[in-house]
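**Student:** Take a look at the letters that make up each chain.
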Amino acid sequence: VGARGCGGVWRRAWQHGAGGPCPSSCGQRAATSNGRGGAVPVGKSGLAPWVPVVGLEIHAQISSNSKLFSGSQVQFAAPPNSLVSFFDASLPGTLPVLNRRCVEAAVMTGLALNCSINKKSLFDRKHYFYADLPAGYQITQQRVPIAVNGSLSYSLCTDNKMSQMVTKTVRIKQIQLEQDSGKSLHDDTRSQTLVDLNRAGVGLMEVVMEPDMCCGEEAAAAVRELQLILQTLGSSQAVMAEGQLRVDANVSVHHPGEPYGVRTEVKNINSIRFLAKAVDYEIQRQIEELENGGTILNETRAFDSKLGCTVPMRDKEGKQDYRFMPEPNLPPLILYDAKSLPANMNHQQVVNIDWIHERLPDLPSVKRAKLVDQYGILPEHSFTLLNEDGLTEFFENVVKQTQMKPKKVIGWILNILLSYLKQHSLTVKESPVSSVLMADLLNLVEKKEISSTAAKQVLAELWKGEGKTPLEIVKEKKLELIQDQKELEQICQAVIDGQENEVIMMVLG
Amino acid sequence: QAVTVEVLDHLEQLALVDFRDAEGVERLQKAIRFADQLQEVNTDGVEPMDSVLEDRCLYLREDDVTEGNCTTELLKNAREKVEEYFVAPPGNIPLPKLEERETFLKGS
Numbered sequence: 001v002g003a004r005g006c007g008g009v010w011r012r013a014w015q016h017g018a019g020g021p022c023p024s025s026c027g028q029r030a031a032t033s034n035g036r037g038g039a040v041p042v043g044k045s046g047l048a049p050w051v052p053v054v055g056l057e058i059h060a061q062i063s064s065n066s067k068l069f070s071g072s073q074v075q076f077a078a079p080p081n082s083l084v085s086f087f088d089a090s091l092p093g094t095l096p097v098l099n100r101r102c103v104e105a106a107v108m109t110g111l112a113l114n115c116s117i118n119k120k121s122l123f124d125r126k127h128y129f130y131a132d133l134p135a136g137y138q139i140t141q142q143r144v145p146i147a148v149n150g151s152l153s154y155s156l157c158t159d160n161k162m163s164q165m166v167t168k169t170v171r172i173k174q175i176q177l178e179q180d181s182g183k184s185l186h187d188d189t190r191s192q193t194l195v196d197l198n199r200a201g202v203g204l205m206e207v208v209m210e211p212d213m214c215c216g217e218e219a220a221a222a223v224r225e226l227q228l229i230l231q232t233l234g235s236s237q238a239v240m241a242e243g244q245l246r247v248d249a250n251v252s253v254h255h256p257g258e259p260y261g262v263r264t265e266v267k268n269i270n271s272i273r274f275l276a277k278a279v280d281y282e283i284q285r286q287i288e289e290l291e292n293g294g295t296i297l298n299e300t301r302a303f304d305s306k307l308g309c310t311v312p313m314r315d316k317e318g319k320q321d322y323r324f325m326p327e328p329n330l331p332p333l334i335l336y337d338a339k340s341l342p343a344n345m346n347h348q349q350v351v352n353i354d355w356i357h358e359r360l361p362d363l364p365s366v367k368r369a370k371l372v373d374q375y376g377i378l379p380e381h382s383f384t385l386l387n388e389d390g391l392t393e394f395f396e397n398v399v400k401q402t403q404m405k406p407k408k409v410i411g412w413i414l415n416i417l418l419s420y421l422k423q424h425s426l427t428v429k430e431s432p433v434s435s436v437l438m439a440d441l442l443n444l445v446e447k448k449e450i451s452s453t454a455a456k457q458v459l460a461e462l463w464k465g466e467g468k469t470p471l472e473i474v475k476e477k478k479l480e481l482i483q484d485q486k487e488l489e490q491i492c493q494a495v496i497d498g499q500e501n502e503v504i505m506m507v508l509g
Numbered sequence: 001q002a003v004t005v006e007v008l009d010h011l012e013q014l015a016l017v018d019f020r021d022a023e024g025v026e027r028l029q030k031a032i033r034f035a036d037q038l039q040e041v042n043t044d045g046v047e048p049m050d051s052v053l054e055d056r057c058l059y060l061r062e063d064d065v066t067e068g069n070c071t072t073e074l075l076k077n078a079r080e081k082v083e084e085y086f087v088a089p090p091g092n093i094p095l096p097k098l099e100e101r102e103t104f105l106k107g108s
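Quick mapping for you: the protein sequence lines, in order, are chains A and B.
Here the UniProt record's numbering is used: position 115 in the first sequence is 115, and no number is missing along the way.
Here the UniProt record's numbering is used: position 85 in the second sequence is 85, and no number is missing along the way.
These aren't lab readings, by the way, just hints derived from the structure by calculation.
Glycine residues also receive a C-beta, built at the ideal position from the N, C-alpha and C atoms.
Incorrect hints may have been included.
[Stated by the list, open to error] Cross-link-like lysine-lysine pairs, in silico, DSS-like; alpha carbons within 30 angstroms at most:
#: 1; chain 1: A; residue 1: K126; chain 2: B; residue 2: K76
#: 2; chain 1: A; residue 1: K422; chain 2: A; residue 2: K448
#: 3; chain 1: A; residue 1: K183; chain 2: B; residue 2: K81
[What the hints assert, rightly or not] Restraint ranges, calculated between C-beta atoms of paired labels, are given here:
#: 4; chain 1: B; residue 1: F34; chain 2: A; residue 2: H357; range: 44 to 52 angstroms
#: 5; chain 1: A; residue 1: G136; chain 2: B; residue 2: E40; range: 31 to 39 angstroms
#: 6; chain 1: B; residue 1: V46; chain 2: A; residue 2: T94; range: 30 to 38 angstroms
#: 7; chain 1: B; residue 1: Q29; chain 2: A; residue 2: T94; range: 28 to 36 angstroms
#: 8; chain 1: A; residue 1: D354; chain 2: B; residue 2: E6; range: 49 to 57 angstroms
#: 9; chain 1: A; residue 1: N298; chain 2: B; residue 2: P94; range: 15 to 23 angstroms
Using the sequences plus the hints, can you model the full thing?
**Tutor:** Set out below in structure tokens:
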């Protein structure tokens, strides 16, 4: 079981006043150590410390051509109600038909998260009324989901320089297959809601994480790693901005040794950065409320990204009774492995867990270890490489085309190229400097034809994307290092000759 | 054992059924009594059956796009529409309050 709890992270976040409008008393809070040697936030003087508890429910849209139970297309941004079948619109007489690709995506994800895959899982109906849920229920897996009891390891940097990384683990309670709902557009001026069912019925994997995290930074790091895993597997593109990855946070606080406090659910979090802010704000809010003698309501709150705070959500009427019942139109979902594979079954009807396991790609953690091993770079470098889309490929291409050692190349890529890209808000793919040009430039440095400083000047020129090669720029700006001994002596002599007085003063001491 | 007004209210909220009057409520109570006969069967050690389909093979469909693109047809059923969107009220319309309903039942 990996390290749970915050260690020193909470104290640092606390002192920096994480979250939105933070009362000035924040800076006065000190931290003490708990029994495990980690820091725990201390309340106002005299009051006991608080332990924040954070759990996450993540919905990842499955990357598939068609929907979970129907043959309508899955696509972001299409004309309203154009990707809707009779089943998606819940017209009477229609039945769900399970998409094989969605099952495989869920199995891949379960395996990547170290889960036990349930060879028999069941579908249920979860009932509630809302305009974007035409059937009045969502088909989900409440009793026996497809995967259970997994874990996700992620890393945190303990200081801002990323030189100290700590590995944490969060337990995965379960992964279940379920339908997405349609989209509601609220038109307050005309007091109506416009409903688009294009998204209704798209396959989702709900990943439920146990409350093993204790602050916004941990939650953000865990979700980031999950996002990378999903993208590596291809089971979900997991782009938060397009709603392919949605995160709800469950937050509570309690005193050490006491039972868990009342938790609130925080929704409407649209990016990983906002996730950290929302969680930290809510922790702060709950601590202040309780220290001021108030109570925490078991409610759902929305994160307001403009104000940086959480607000109670309207329209959530108390505790919902979803009247779960088995989905009568779907028999149990049976999965097989090499041992249980039936002899005479149609291949197309068989999902073989072992077959999928053998074909899993290298997960991010494995990719990072391989990069460190192969190129001799530091672990934190491998994190940055994987964190930027296309950067690993760029780095490896440069290494292939240059004599400079990877350990030196990495510095150029991470410190120089990456900061250029960030300054100009460009992705690696949009870089005006290709890996070929970069390699050419680094070769000049490696062969000592130019100095590092000169190389940075050349890079600034290359950045303009005018089509010149590094060598052309070097010649143009006369940045070559002089290698000839005689020539160097002549130059030095000329300088000395030109400054006779100063030289005499120096020689005399 | 009569069904309480609170339970009736809860059922009406959850299922949007309307028991309407005393006769409706009595029919409900009869239905419950009828179904309660199931409790007389000893089911110790017997797994519950969800559906008569439970031994059937769950058919898996290939991930091909075969449906959709029938916006006009779907919208034919809509009482109101705005530019190919279905129109719904701004939120869930709350049911009449419990007190109003109670007098209604008493009155019939």
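**Student:** State for each hint whether it applies.
**Tutor:** Hint check:
1. K126/A <-> K76/B: Holds, because 28 angstroms separates the two Cα atoms, which is no more than 30 angstroms.
2. K422/A <-> K448/A: With Cα atoms ~29 angstroms apart, K422/A and K448/A stay inside 30 angstroms; holds.
3. K183/A <-> K81/B: Holds, at roughly 15 angstroms.
4. F34/B <-> H357/A: 44 to 52 angstroms: holds, 51 angstroms
5. G136/A <-> E40/B: 31 to 39 angstroms: Since G136/A and E40/B have Cβ atoms about 33 angstroms apart, the given range 31 to 39 angstroms holds.
6. V46/B <-> T94/A: 30 to 38 angstroms: With Cβ atoms ~33 angstroms apart, the hint holds.
7. Q29/B <-> T94/A: 28 to 36 angstroms: holds, 34 angstroms
8. D354/A <-> E6/B: 49 to 57 angstroms: holds, 53 angstroms
9. N298/A <-> P94/B: 15 to 23 angstroms: holds, 21 angstroms
Hint check: no violations occur; every hint is consistent with the structure.
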